Amino acid sequence: MPHRSLIGSRVRDRRLSLSLSQRQLAQAIGISPSYLNLIEHGKRGIGAGLLTRLADALGADAAVLQAAEDNALIARLAAITPDTAEPVEAIVDRFPVWSRQIAAQADEIAELTQDKAALTERAQYDPALAAALHDVLSIVTSIRSTASILVDGAGDPEWEARFHANIYNDSKRLAQMSQALVEYLDGTRAAQDQVSDAPDPIETRIDRIEVDRAMHRVGSDPAAVAKVLGVGLADAMIAMAGHTDADLPQMGLAACDGAGVMTHYQPCDGFMMARMRGACPLWPLFQALQQPGRPMRHVVAMTGGQSPRLTCYTVADRYEAATFDASAAIRSVMLVVADAPSAAAQTVGPGCATCAAQDCAARREAPRLRL
Amino acid sequence: MAGRVLLIEDEPNIVEAISFILSRDGWTVHTHQDGETAAERVRALPPDLIILDVMLPGRSGFDILKDLRGSEDTRRLPVLMLTARGAPKDRDLAMDLGATVYMTKPFSNSEILETVRRLVEG
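Protein chains in written order, with this note's numbering: chain A, 1 to 371; chain B, 1 to 122.
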């Protein structure tokens, strides 16, 4: 939500400049790290009391942080309605509540637009969802065609009874399929919310421009990029996934904690992992957890045969400074590059619930959308 | 002049509906539901026109079409592709492989009847 994200960005920038982790700052102001994560990403607003505590903990002026929010709202409204007769500043000043409401609605529209794009992309790369949608269309076709025959009159009572039975059976299947689709899509949305609420263990302070430059110099090999940047392999991979240069290959990123729970997911063309009921365990992301510190490179192809081949660079490492009194916080990070190499590839799926592969030894449940 | 139509489709109620409307119009309709053996069935008949689904068990309609266009006996046989896959890339692929008409589901009965008449009777 852009009108909140500026204050969140300021909090995040200030925290990083003080070398504070989310956990440390959250503890200092009495909120959970996940709630602070939401604030920093503009997904939660900040009340007056919390703003004061944050400002104190960060050694910043609360008024400066508040002004950031007001300025962000003005910028947001100016972007939505560029041709107002009255200056946007004056509108925000006279109608602060309405201004916030308009900005919030615009954000909601933007989110729905993103959801729609994600679902369209999903249908392209999710074999089970695509198959389910095709099944729905086939059932609808059957009902339409049969109903049309009955409207015109089949001319034979036996045939008419048969077509009535067909319509009844098809409508039952359609209801079941629709229900399964709603549950599936609702579950996907809930899983996305859960992931975005989680603390983000993949922060990077590496300058994006430096990353772009390094990649232009040495290519897409994370080891070479890490060497140029003078950082660890996982940090280099995280930074590479955020590159902003359209001339560089598209990259996706996934990260999980030591228990294999996905904490970050950034898809790219042809790369898709399910999170609702668990991703496919064959992804190198999970294999790397068995050998922390050992970089791995795999070429994979997703089930369904429609997607390009992907190169996966994976490493598991410790992501917080080691202490004597706490267990190691391990993460696995996987950078996915859609560079379509022609090498032999191992097959992976998005996750059992959405995977069309048959006879897979790693399958833990049947596909959810096949009826 | 009505002729012989081979309907290759695995959705039984669609098979029943299309068979009914074509039969009522005077066409002799043969049906086949398996992708793997579909090309053999075409050669064994052979029909005046094929109505071909894309997503079939065993083998996709695209592969079957490619096979038919690669054989002298079936190179010019009219093929009406009937599918739920409406994406432009699928349509382009079908036309590149030699489909005569590409029709997406859901279709109307009159649409399919008129297309069959046009493709066979000219």
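Simulated from the structure, these hints should not be mistaken for laboratory data.
Warning: the hint list may mix true and false statements.
[As the list claims (entries may be wrong)] Derived Cβ-Cβ restraints for the label pairs, each shown as a range: (1) A:140 to B:37: 21 to 31 Å; (2) B:98 to A:109: 36 to 46 Å; (3) B:37 to A:209: 30 to 40 Å; (4) B:111 to A:71: 24 to 34 Å; (5) A:344 to B:24: 47 to 57 Å.
Please read all numbers here as calculations on a predicted model, not as lab measurements.
Note that beta-carbon positions come from the ideal geometry of N, C-alpha and C, so glycine has one too.
Tested hints:
With their beta carbons about 28 Å apart, residue 140 of chain A and residue 37 of chain B fall inside the hinted range of 21 to 31 Å. The hinted window of 36 to 46 Å between residue 98 of chain B and residue 109 of chain A holds, with their beta carbons roughly 44 Å apart. Separation of residue 37 of chain B from residue 209 of chain A is about 59 Å and departs from the stated range, judged on CB atoms against 30 to 40 Å. Look at residue 111 of chain B against residue 71 of chain A: about 57 Å separates their beta carbons, and that is not inside 24 to 34 Å.
For residue 344 of chain A and residue 24 of chain B, the Cβ-Cβ distance of about 53 Å falls inside the hinted range of 47 to 57 Å, so the restraint holds.
Comparing the model with each earlier hint shows violations of hints 3, 4; every other hint is respected.
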